[in-house]
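Those protein sequences? They're chains F and P, same order as listed. In case it helps, the numbering used here puts the first sequence at residues 1 to 413. In case it helps, the numbering used here puts the second sequence at residues 1001 to 1225.
Possibly wrong hints are sitting among the right ones.
Claimed, not checked - To list a few chain P residues with every Cβ distance to chain F over 10 Å, as calculated:
(1) Gly1006
(2) Gly1041
(3) Gly1144
(4) Gly1191
Claimed, not checked - Incomplete in silico selection of chain P near chain F, CB under 7 Å:
(5) Leu1048
(6) Asn1049
(7) Leu1054
(8) Asp1075
(9) Arg1081
(10) Asn1082
(11) Phe1087
(12) Ile1095
(13) Arg1097
(14) Ile1098
(15) Leu1106
(16) Pro1107
Claimed, not checked - Short derived list, chain P residues pointing at chain F, Cβ under 7 Å:
(17) Asp1055
(18) Ala1078
(19) Gln1186
Quick caveat, the hints were computed from the structure, so don't treat them as lab data. Backbone N, C-alpha and C fix where the C-beta goes; we use that ideal spot for every residue, glycine too.
Chain by chain, the residues run as shown.
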Amino acid sequence: MLIFFLDRFYQSLYALKDNLRRTLLSIIGIAIGIAAVMAVGAISKGGNYLIFSELETFGLNSLWVSRDRADKDPNRMVREGTGISNNDYLALTADCCSAVHRISAIVYGTRGKRNIIQANNRYSNAQLQGVDFSLTTIANDVIVQGRAFRSRDISKRRTVAIIGPTVAKDLFGEASPLGREFRINNRKYTVIGLLEDKSRDFLASIGSAGGQDANNRILIPFTTFQQMLGNKKINYLQAEAVTQVQAAEAAEQIIAILKRHNGRNFTYKSETMASYIATTERILDGVAMIGIIAASVSLLVGGMGIMNIMSTSVLERTREIGLRKAIGARKRDILLQFLLEAVVISTAGGLIGLTLGTAASIVLSELTGFPLAPSFVVIVIALVVSVAVGIISGYLPARRAANLPPVDALRYE
Amino acid sequence: MIHLTGIYKSYRVGERDLPILRNIDLKVSAGEFIAIMGPSGSGKTTLLNVIGCLDSVDAGSYTLAGETIEHATDDELARIRNRHIGFVFQLFNLIPRISALRNVELPMIYSGVSPVERQQLALQALQRMAIDDRADHAPNQLSGGQQQRVAIARALVNNPELLVADEPTGSLDSATGSEIMNLFSQLNQAGMTIIMVTHEEEIAAYAGRIIRLKDGEIAADDKRC
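Assemble the whole structure, with the sequences as input and the hints as a guide.
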């Protein structure tokens, strides 16, 4: 069986060597097709990593609950306030909800027209956020220097702050900010932690991320912030669900408690990272699909190239086909000979394309830092596709060759 | 060895059937050397193709070496041609891009002989045609006579009972032509059955029996020995 196959293979190679330039052109056609499909795959995978690495900066299990300001009920519409009080929050932190792992109050706002943040005549325009000690964990914030908030920081309304790298640079230059002091609205705060540099360039560039620059944030205890603002309002809640799939459930549980407390005056809405991720995945899949369809067109063109040269080859070798049949070749021998020729071309193209595509993916991996090299499965699929392209595009010409009547073929000029 | 009875074959030309072979009854015994002659259009090549199992007939029966041909499938015909018949053509029909040796190996590829054995047998066949010194040459590096010797070696390599030749000297000068005919005579003396189409009387003279066709019918059948 193997010898039988090698024999046929050898016959095919001879024919290909004979038309080397034509063969090479077809090989390049397939190579470009395979490489293009692989490159598109790697690029879309890179995009995925990029977006997910930014989505991760919000915490993949995160969810947000706030008052629904789109509520059109006239009685509720006239109510002032955020709809979330410290009492509500107390109930929520008392192990209220099975799907909620952690929860943090978020307070923002200004005293006067804006918050003035300064240290020795250096100013910062950072966004000020009052948070609970759990927030840095919920939001996947890594503290590279210093420490996170502790519950005592919150309960004692300490004037301590965790700052982003942009704030540190604006206020303290290149020196370590840890233990340094600065002022918010003339009250002195001590820096206890420095946040890791978080890139949200891509999300920011498409107008997402709530206009927040993750690196230009100052976190202080929400209790301290409330003291500064002179009220007991919580603007919204950020929580972490036990698992990503429980995010919606967690939001429902939180809203249920808020409604029990304030249902007459307020309604609430929630957003979950899970739903953002689902939307993002849908968009990315769509983009990848379009890219792969576009790249597949080049593979299709490559396949048509093979069909073209195989048709020419059959025509040119009509007498040879007649001779082979006269001396005992059956239909399937001729079919196999020409199919093998087509498969040799497409597989050679596939191997070259695979090499180019892999090289491109590795370069892309080096540039982006994401692991984009093709998996074993992708390599197997690329090879299977190349063989399939050869069989499909070689089949019609090969069948025509196999069905030639020997007398007519021998007489062909 | 060959038995044709009531062979009829026609081509459709427009509305009408144009008979190309009619009432062909022919018996050939093993060891005969036959020349088929006739004016062009008399059907001699068609008859040779029918005998060589390359072409089908519309009516009549044909047995070759005990095998019934008229109902055989394409694959069966391919096997019969491969085992029982060797072909020699006017234009040699060697595959241009492969060596003489590989050309001679071709029929054995389709009969499933192992590569090593194939090469030995091919070389032996070339030796018998005294052309083994050119085994590595491509056909375009050989003269017409040398090419025809390679083609005969290819025809004989599977040890067929029947050699079918269509104008085997048609592309050769007369000296080379007689050389090839002497080879045929030697093969015939060694027991090979040969059926050959020619339009040259001096070539036909090598044969022991001359069949003359006219308008698709056997007009004369001269046995000389």
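request  = Tell me if P:Phe1087 is really an interface residue toward chain F, meaning its C-beta lies closer than 7 Å to one of theirs.
outcome  = 5 Å, holds
inquiry  = Verify this label for me: P:Gly1144 is non-interface relative to chain F, using a Cβ-Cβ cutoff of 10 Å.
reply    = 17 Å, holds
key: Satisfaction of the P:Arg1097 interface hint, Cβ to chain F closer than 7 Å   = 5 Å, holds
ask   = Minimum Cβ distance from P:Asn1082 to chain F below 7 Å?
value = Constraint on P:Asn1082 satisfied, holds at 3 Å.
query = Does the nearest C-beta of chain F fall within a distance shorter than 7 Å of the C-beta of P:Leu1106?
reply = The hint holds - P:Leu1106 has a Cβ within 7 Å of chain F, the shortest such distance being about 6 Å.
query = Would the hint on P:Gln1186 stand, with a C-beta cut-off of 7 Å toward chain F?
reply = P:Gln1186 check fails; min Cβ-Cβ to chain F is 22 Å, beyond 7 Å.
query = Does P:Ile1095 meet its interface restraint, that is, does its C-beta lie within less than 7 Å of any C-beta in chain F?
reply = 5 Å, holds
query = Would you say P:Gly1041 is clear of chain F, with no C-beta pair closer than or equal to 10 Å?
reply = 15 Å, holds
query = Looking at P:Gly1006 again, its CB stays over 10 Å from all of chain F?
reply = 21 Å, holds
key: Hint check: 7 Å Cβ-Cβ cutoff, P:Ala1078 to chain F   = 4 Å, holds
query = Does the interface hint hold: is P:Asn1049 within less than 7 Å of chain F, judged Cβ to Cβ?
reply = 5 Å, holds
Residue hint P:Ile1098, partner chain F, criterion CB-CB below 7 Å = Where the cut-off is 7 Å and the nearest Cβ of chain F is about 6 Å from P:Ile1098, the hint holds.
Going down the numbered hints, you'll see the structure goes against 5 and 19, while the others check out.
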